[in-house]
Amino acid sequence: MIRFIKEEYKKRSLQWTISLSFTAISVISIALMAIAFYTRSINTIRTNTIKQNDQIVDQVSWNLNSYIRNMMSISDTMCYSVIKNRDLTNESISKEMNLLYEANKDNLTSIVCATEDGAIIAASPVSSRKSGVDLKKQEWFQNAFDEIENIHFSAPHVQNIFDNSSYRYFWVVSLSRCVELTNLGNVRNGVLLVDMNYSGIEQMFDKVNDGGVGFVYLCDAEGDIIYHPMQKAIYAGLVKENNIDHAAHEDGAFSEKFDGQERDVVIKTVGYTGWKIISVTPLSELAIDMGQTRNYLLMVAIFVLLLIIFGNNIISYVVTDPIRRLEESITYLEEGALNEAAMNEDDIYIGGSHEIRHLGRTIKSMIRQMKKLTDDMVREQKAKRKSELDALQSQINPHFLYNTLDSVVWMIEGERYKDAISMVTALAQLFRISLSKGNNIITIHDEIIHARNYLSIQKVRFKNKFSTSIDIDPAIENCATIKLIVQPLLENAIYYGVEHMDGEGEITLRGYEKDGDIYISVSDNGMGIPKETLDTLLTDKARSRGKGSGIGLWNVNQRIQIYFKGDYGLIVESELDEGTTVTIHLPKVPIEEYRKEESGR
Amino acid sequence: MKYLKGGRGLIAMVVLIVIFLVTAISQNIWSNPKSTVRKKVSFIAYGDDSERWENMREGAGLVCEEKEADLVLMTTLLEDDVNEQKEIIEREIEDGADALIIAPCSNEIKEYIDSKKLRIPVVFAESDGSPESGRRCISVDDYELGYSLGSEIAEHESDIVTVAIISENADIDSVAFREKGLRDAIEGKIGKLINWSRNENEETVNKRVFIQRALVSEATDVIVTFDNSTTDALLDALENLNQKSKVYSISTSNKAVYNLYNKEIIALGYSDEFSIGYLSAMYALSPSEAEKKYPDKEAEYRIVRKENMYDEDNQTLLFPFVN
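As given, the protein sequences belong to chains A and B, one line each in that order.
601 is the number that the working numbering gives the last residue of the first sequence; the numbers go up by one with no jumps.
924 is the number that the working numbering gives the last residue of the second sequence; the numbers go up by one with no jumps.
Worth double-checking, as some hints may not be accurate.
As the list claims (entries may be wrong) - Within a straight-line C-alpha distance of at most 25 angstroms, the following computed DSS-like cross-link-like pairs (lysine-lysine) qualify:
#1 K893(B) to K257(A)
#2 K207(A) to K668(B)
#3 K641(B) to K893(B)
#4 K668(B) to K257(A)
#5 K130(A) to K856(B)
#6 K130(A) to K845(B)
#7 K641(B) to K137(A)
#8 K130(A) to K847(B)
What the hints assert, rightly or not - Some chain A residues near chain B, calculated using beta-carbon distances under 10 angstroms:
#9 S131
#10 A155
#11 P156
#12 D163
#13 R168
#14 Y198
#15 S199
#16 K232
#17 L305
#18 F310
#19 I421
#20 T425
#21 A428
#22 Q429
#23 F431
It should be emphasised that the hints constitute simulated quantities derived from the structure, not laboratory data.
Every value quoted in this text rests on a predicted model; they were computed, and no experiment measured them.
Here a beta-carbon is modelled for each residue, glycine too, at the ideal position from N, C-alpha and C.
Input sequences plus hints: build the corresponding full structure.
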């Protein structure tokens with residue numbers, strides 16, 4: 001995988017690589033920042049919520065304490081200021097009880113004073129007692145005698161003492177205590193009941209739970225729920241609450257998982273009653289805020305990322321464009337522009353930062369040097385080629401001279417002075433053409449004259465052992481040819497074709513135009529060339545070691561190809577016992593045109 | 602924008618920004634989450650006594666509050682006015698109710714709802730229905746409730762006692778199931794079973810008057826009622842006639858609870874209407890959550906006597922908190 005990524009990386013442009021790398025780094029950085037910020041925000045939200053709930057719990061606790069103290073003060077007033085030391089045989093407590101009730105009736109349902117037998121001594125408001133109700137069996141009554149010095153708070157319950165014909169019922173929290181009742185000087189225990197209106201507590205908590213996240217509920221020390229916003233649903237078993245555990249828990253804040261929910265809990269115990277105010281904040285409710293924060297962060301991160309991608313693109317472009325343009329100009333050079341005459345080193349791009357400008361200038365200088373070196377090489381190559389050609393030609397001159405002088409010597413020895421004079425004359429004419437004012441390129445006309453002279457010399461030497469025929473198309477006579485290329489072919493035709501023939505030899509020289517090219521063929525009717533020899537005739541290895549200088553066909557072919565290139569050169573065809581034809585293939589270039597081009601160079 | 606290769610980069614940027622904006626809008630991140638549109642749940646019941654539905658409304662209301670939906674309670678003027686209930690349903694659908702909770706006054710309402718093929722969730726409260734019917738019905742097991750009350754009669758009354766059953770509102774399937782359960786429970790265990798039902802001439806007679814006539818015309822030891830309005834009418838009739846009788850009743854009215862302690866009602870079958878409302882709303886607003894949390898969707902019922910009505914468990918059921 002890493003290898004694949006590396007390979008892919010190598011294939012991409014520098015701009016792409018820079019842009020992608022910066023983007024990847026940006027994505028990682030932004031993601032890490034966003035995660036860190038999100039985590040921090042979430043923790044802050046949770047901490048703030050806990051703090052806020054702590055404050056709410058404190059506030060509720062304070063309110064509830066005030067409420068309970070108020071109720072307790074009613075109980076205390078009744079107990080110590082009204083009931084205690086009053087002989088109930090002669091005096092009534094109803095008046096004071098009614099006054100207290102009237103003063104606090106918003107928070108009270110009733111005040112009842114009963115004997116330890118369950119008989120009601122006084123009650124406010126005045127109402128008919130339900131038939132069959134036995135106070136002694138009621139929980140609040142029994143609690144009062146458990147610890148007689150204490151005030152006891154009951155769980156919420158429906159008051160079941162007085163009749164209410166309007167079918168109303170009252171949920172109350174009973175505050176009961178044992179009191180001393182005096183009758184005719186006899187003191188015996190009784191019970192004072194102050195029924196706190198449950199709706200007072202309910203309203204207090206409803207206000208707190210109205211809005212905001214989470215909820216606050218109240219339970220007693222045993223975990224029995226006194227108030228809960230979902231109280232009915234809890235009673236119906238539709239909703240669960242961790243009230244038993246909360247009641248056993250110490251005051252403070254903590255997190256818990258209950259019924260599949262993560263929750264932050266704050267607990268505070270209300271003094272005297274042992275009730276617990278519990279604030280619960282399910283994280284799912286905070287999730288709205290968390291979701292907001294997450295979405296906000298996500299959107300900001302995406303937006304910033306878009307800007308960074310855009311910025312990366314621009315920066316990578318600005319950084320890499322000079323390199324790209326420099327690379328393009330170098331690619332142009334690579335594609336061969338270097339050899340074009342139009343190529344100018346000024347085409348090399350120089351721009352961008354100083355490093356790239358320096359690089360451009362260096363490349364430009366390098367190209368200038370390369371171009372100079374290349375020119376030098378071309379010049380040297382041309383010189384080399386010319387010197388090689390000159391060498392080749394210089395190889396011909398002694399070869400030809402050797403043969404001719406050999407013939408002249410042979411004639412003089414045979415006292416054939418006339419023939420020798422004729423041959424020397426022909427030789428002189430041959431050299432005149434050979435010199436050609438130093439030109440290597442001459443007309444076909446001159447070359448043929450040269451061939452004629454050569455043949456006339458050889459015919460004398462070989463005592464007219466062979467006959468010759470020359471047929472040159474006048475249309476090609478004014479065309480250019482390399483000088484001294486026909487003569488070696490004639491020489492070969494003589495030495496290898498007709499010299500050792502029993503009958504009369506025949507050498508035919510033809511010049512003609514075909515398909516826009518010039519063909520000059522030399523044919524003999526000699527013994528022909530074996531195929532294996534024929535195949536190697538034009539190679540370097542075929543250089544003759546026999547008669548002559550051994551430079552015949554190979555030399556001529558090389559010269560033609562050096563001057564004219566392409567498909568030009570020699571074509572050798574031979575049949576054993578039939579003869580051989582060697583054809584020179586030349587481009588058709590009038591001598592004037594050639595000289596014009598030559599002077600243009 | 603030549604920096605971005607001939608406009609392709611620009612198009613890509615525009616596309617990305619559009620995606621960004623669409624996502625931002627769809628995520629609703631710039632707006633207050635509490636400003637989202639609240640759903641409307643219509644609770645359509647029957648009878649002009651809206652207090653009759655208070656417990657159920659409160660249960661449904663708790664869920665609606667939790668799910669940020671609005672609950673609207675609509676009742677008919679008459680208990681058995683099918684057409685009016687249909688009209689209310691029509692009106693609520695037209696008004697864009699997102700879910701319906703219907704306490705049908707007749708089985709005809711269920712068929713009517715089936716025929717409408719509504720796309721919004723419909724829950725039948727206090728109505729029995731098998732899962733095969735495809736209807737979502739939330740109620741107590743009314744047959745069992747009736748059977749339990751009948752068992753109470755059989756257990757506490759002598760085997761020669763005469764029991765009168767007041768067959769009112771028999772169109773309401775919960776009432777029909779209760780009656781059937783009770784009949785099955787007392788069959789062969791009592792002296793005589795008489796049926797007080799209206800004849801053709803009494804169709805329009807006031808319920809209390811009809812019961813008074815029955816009380817006067819036929820002597821009985823035990824009287825049984827199966828719904829709130831009939832129970833209240835019976836209690837009124839007994840009071841008017843200053844007559845004493847043993848009443849076994851299924852009702853959730855305050856009057857019935859009051860009379861359970863003070864007067865005639867010997868045993869009261871009491872269903873947990875708060876739970877019915879709660880579950881109905883839960884199934885109406887979040888069916889999958891309801892299926893997961895409350896797969897056994899029946900509400901609870903109790904048979905309560907004077908002796909145990911103030912027990913801790915019973916008092917929370919019989920005396921709901923009044924918020």
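Comparing the hints with the structure gives:
With a C-alpha separation of about 19 angstroms, the suggested pairing of K893(B) with K257(A) holds against the 25 angstroms cut-off. Of the pairs offered as hints, the one joining K207(A) and K668(B) holds, with about 20 angstroms between alpha carbons and a cut-off of 25 angstroms not exceeded. With a C-alpha separation of about 23 angstroms, the suggested pairing of K641(B) with K893(B) holds against the 25 angstroms cut-off. Distance restraint check for K668(B) and K257(A): the Cα-Cα separation of roughly 22 angstroms lies within the 25 angstroms cut-off, and the hinted pair is therefore satisfied.
Only pairs whose Cα atoms come within 25 angstroms are accepted, and K130(A) paired with K856(B) is accepted, the gap being roughly 16 angstroms. The suggested pairing of K130(A) with K845(B) holds, with an alpha-carbon distance near 19 angstroms, which does not exceed 25 angstroms. For the given pair, K641(B) sits about 48 angstroms from K137(A) by alpha-carbon distance, which is inconsistent with the 25 angstroms threshold. In summary, the hint linking K130(A) to K847(B) is supported, as the alpha carbons are separated by about 20 angstroms, within the 25 angstroms threshold.
Below 10 angstroms, beta-carbon pairs count as interface contacts, and S131(A) has one with chain B at about 8 angstroms; its hint therefore holds. Of the supplied interface hints, the one on A155(A) holds, with its beta-carbon coming within about 8 angstroms of a beta-carbon of chain B, less than 10 angstroms. For P156(A), the suggested interface contact is upheld, since its CB lies about 9 angstroms from the closest CB of chain B, less than 10 angstroms. For D163(A), the interface hint holds, the least distance from its beta-carbon to any beta-carbon of chain B being 7 angstroms, beneath 10 angstroms.
For the restraint placing R168(A) at the interface with chain B, the shortest Cβ-Cβ distance is roughly 8 angstroms, inside the 10 angstroms limit, so the hint holds. Taken as an interface hint, Y198(A) checks out: its beta carbon lies about 8 angstroms from the nearest beta carbon of chain B, inside 10 angstroms. A least Cβ separation of about 8 angstroms between S199(A) and chain B falls short of the 10 angstroms threshold, and the interface hint therefore holds. Interface restraint check for K232(A): the shortest CB-CB distance to chain B comes to about 5 angstroms, inside 10 angstroms, so the restraint holds.
Interface hint status for L305(A): upheld, as the beta-carbon distance to the closest one in chain B is roughly 9 angstroms, under 10 angstroms. At its closest, the beta carbon of F310(A) sits 6 angstroms from a beta carbon of chain B; the interface hint therefore holds under the 10 angstroms criterion. Among the interface hints, the one on I421(A) is violated; its C-beta lies about 88 angstroms from the nearest C-beta in chain B, farther than the 10 angstroms criterion. About 82 angstroms separates the beta-carbon of T425(A) from the nearest beta-carbon of chain B, more than 10 angstroms, and the hint is not met.
For A428(A), the interface hint is violated, the least distance from its beta-carbon to any beta-carbon of chain B being 78 angstroms, above 10 angstroms. Interface hint status for Q429(A): violated, as the beta-carbon distance to the closest one in chain B is roughly 75 angstroms, over 10 angstroms. Interface restraint check for F431(A): the shortest CB-CB distance to chain B comes to about 73 angstroms, outside 10 angstroms, so the restraint is violated.
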